[in-house]
Each structure stands twice: as C-alpha cells, then as structure tokens.
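**Student:** Required output: the full structure, derived from the provided sequences and hints.
Protein chains: 2
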Amino acid sequence: MNLRPLYDSVRFMAANTRFATGVHILVLLAAEPDKLQTSTNLAEHLHTNPVVIRRVLSSLQRADLIVSQKGPTGGSRLAKPSKSITLAEVYKAVESNPLFYTPDATSGLPGKVNVALDRMFVIAKNCVIEEFKGTTLAQLVKKVGKPAKK
Amino acid sequence: MNLRPLYDSVRFMAANTRFATGVHILVLLAAEPDKLQTSTNLAEHLHTNPVVIRRVLSSLQRADLIVSQKGPTGGSRLAKPSKSITLAEVYKAVESNPLFYTPDATSGLPGKVNVALDRMFVIAKNCVIEEFKGTTLAQLVKKVGKPAKK
DNA sequence: TTATCAGTAACAACATCTATGACTAACGAG
DNA sequence: CTCGTTAGTCATAGATGTTGTTACTGATAA
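Here the protein sequences come in this chain order: G and Z.
Reminder that position 100 of the first sequence reads as 100 in the working numbering, one-by-one numbering, no gaps.
Reminder that position 66 of the second sequence reads as 66 in the working numbering, one-by-one numbering, no gaps.
Accuracy of the hints is not assured; some may be wrong.
Chain copies aren't distinguished; within one or between two, either way the pair holds.
Said to hold, decoys possible - Straight-line alpha carbon distances no greater than 20 Å define the calculated SDA-like cross-link-like pairs of lysine to any residue that follow:
1) Lys83 / Thr135
2) Lys133 / Leu99
3) Lys143 / Gly108
4) Lys35 / Gly145
5) Lys112 / Asp64
Please keep in mind that the hints were generated in silico from the structure rather than gathered at the bench.
**Tutor:** And the structure:
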C-alpha cells in the first residue's frame, strides 16, 4: 500500500527568519556597544537588504532593546548591556505569531478540542520562551566569539 | 517618532493546522474505537474537505497510529488504544517542519550564530515535544467529554 | 460486476516572507 | 541655511506553503 511522501522539511525561501535575524543584529551590535551601526552595514554582514534589517530594528526598538539615530553619523546601538538582554525578549519583540493553529471549529466536540489544544499551545509557547530566557545575549556572544577586528 | 505596526498575529487562511487536525481526527476515532470512520464522515465533523482529512490520515497511518481499509464498509480506526497514544506522537507524525528558521549564512560570525541558534531551536522543539508527551489521547478525550450519542 | 472508499496527483486561491525600489522625515556637516 | 546621509515606511514582485477542490487510480465488499 503506497503512502504519500513526507512533507519536506527543507528550508524554504519564504520561511520566517525574523527571530534569528534579530539575534544576529543584536550580536553584531553587542560586538561594539559604543558604535552606531548603519542598517546598510548590518545588511552586508547578513547578506540581505537594509530594509529587511530596518524592519527588524524597528521591532527591536519598540521593545527597547536598541536605540536608533537618524541623519549622518546615525545608526543603531544596544539600549542596554548585552548581559541584561535574553533571547526571550528578542523573540517576543519580533515574533507575535502563535506556534500552532487550530482549524475553524467553535461548536460541538471539535470546538471543545480546539479549546483544549489552544490551552496546550499557550503552554508550549511559554515552554519555548522559558528556554530562550535561559540565554542572554552576552552568553551567546561569548559562545560564538568576538568578531575578528580589522 | 513613528514605528511600524506590529506584525499581525491574526489567524490566516494558509496557516498550518495539520497537527490540530490530526488530533481532531484521532479524538473522533477514539470516541468509537471499533467503528471504521470514512474520511467523508470525519470531514463533515471538521467542516472541511475529505481529501484534507485523507492527507492527514496518511501521515497518521505512516506513524502506525491508525489503520485504514479500502472499499465499501471501509474507513479508518485507531491502530492502538487511545491510552497509549501521546500528542507528541501525533505531532511528530504530521509535522516535520522546524519551529524556527535561520537566515542564509554559513561563514563568519553570522555562520557561528546560526549554528548556535539551530542548536537552541532543536532544544526548543524537544521542549515542545516533551510537553506534548504529557498528554495521551485518552486523557484529552476524557477532558473534552464523549460526543453526544444520537 | 459494480459501487464505495482510500490514496494521490494536480491545480486554484490565499496568505506569509524576503527582496527591492521609492519616498518622507530627521539631523549632522559644512 | 543647504545638502547629503540615514532611519522609517509603503508598495510591489517573486517564491513558497497550506488549504480546498476536482479528478483519477486501485482495492475491496456486496
């Protein structure tokens, strides 16, 4: 009896990489805490477009993780020490989507199952957030090593 | 200083609901363990298309959670007692995608950050799986109550 | 033999994500 | 004060996933 192939688990172009991008940005900023980095500079490091960086920077700024300055000599820097920034804050700053979704059903048995599932999904998301709370930006920077000075 | 609006966290049409759909199906099958349910019947309960159900059933069958039979009087039923099926098995059966993705970067500092992040993402996924291990299908069925007999 | 049902392929519709160009506002340099 | 640089945002294109749907094939019981 033939079964259909597995769903591909390969990386796809439209995948959501905001959380990882946010972490990347903060790691780069943490490397030189006193320097204002431009979005163009950050974008070059991550091989992407400055607008993509600015979108994530905007979310990080909203969460008070970075400060930005316009005009020439402008750019972005960390708003507080990397020691006091956890990956959970980064996650919550850039990602507001649920981890899982339930199909449309509000009544009958499926409705009740959805309520139960949604409760579990909240717990699962909190579990992930707790996991991310365990790592500070400073710890991550230390783990990957400082970038080579030029 | 104006900041862009938050990413919408509203439910969108193309959201991945396979895990929840799989749980729904198994709950319905668990309600009458000895009866073969047709995909059309299951689809009516979930207000969706029989093919959508059969796609998920196919994954569940691959994981030995259900058995199906073709032909008239055919259909699907649980392959083992609902007491011995955890939601973690359902999750792994229908969802092979990572929880998070990293942007393209394999060298330099971003490359190292990606390695560290990917490790954390695996841990986060395992954390979710452990959470789902804590609930059996039987417990879920008991919690939502048996469906009203007609 | 025939009707029923699983299994699958193919396609449309819809939604998100990144990538990109264009525009506005802020702001420092001269 | 003027000008160039940079953040912040909008709009759109291209790629991709997911559901919904039709159509087809194969198995199987009546």
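**Student:** The structure should be examined with respect to each hint, and the outcome stated for every one.
**Tutor:** Quick rundown of the hints versus the structure:
no. : hint            : verdict
1   : Lys83 / Thr135  : within (10 Å within a copy, 37 Å between copies)
2   : Lys133 / Leu99  : both (17 Å within a copy, 17 Å between copies)
3   : Lys143 / Gly108 : between (51 Å within a copy, 14 Å between copies)
4   : Lys35 / Gly145  : within (18 Å within a copy, 60 Å between copies)
5   : Lys112 / Asp64  : neither (39 Å within a copy, 26 Å between copies)
Hint compliance for this structure: hint 5 alone is broken.
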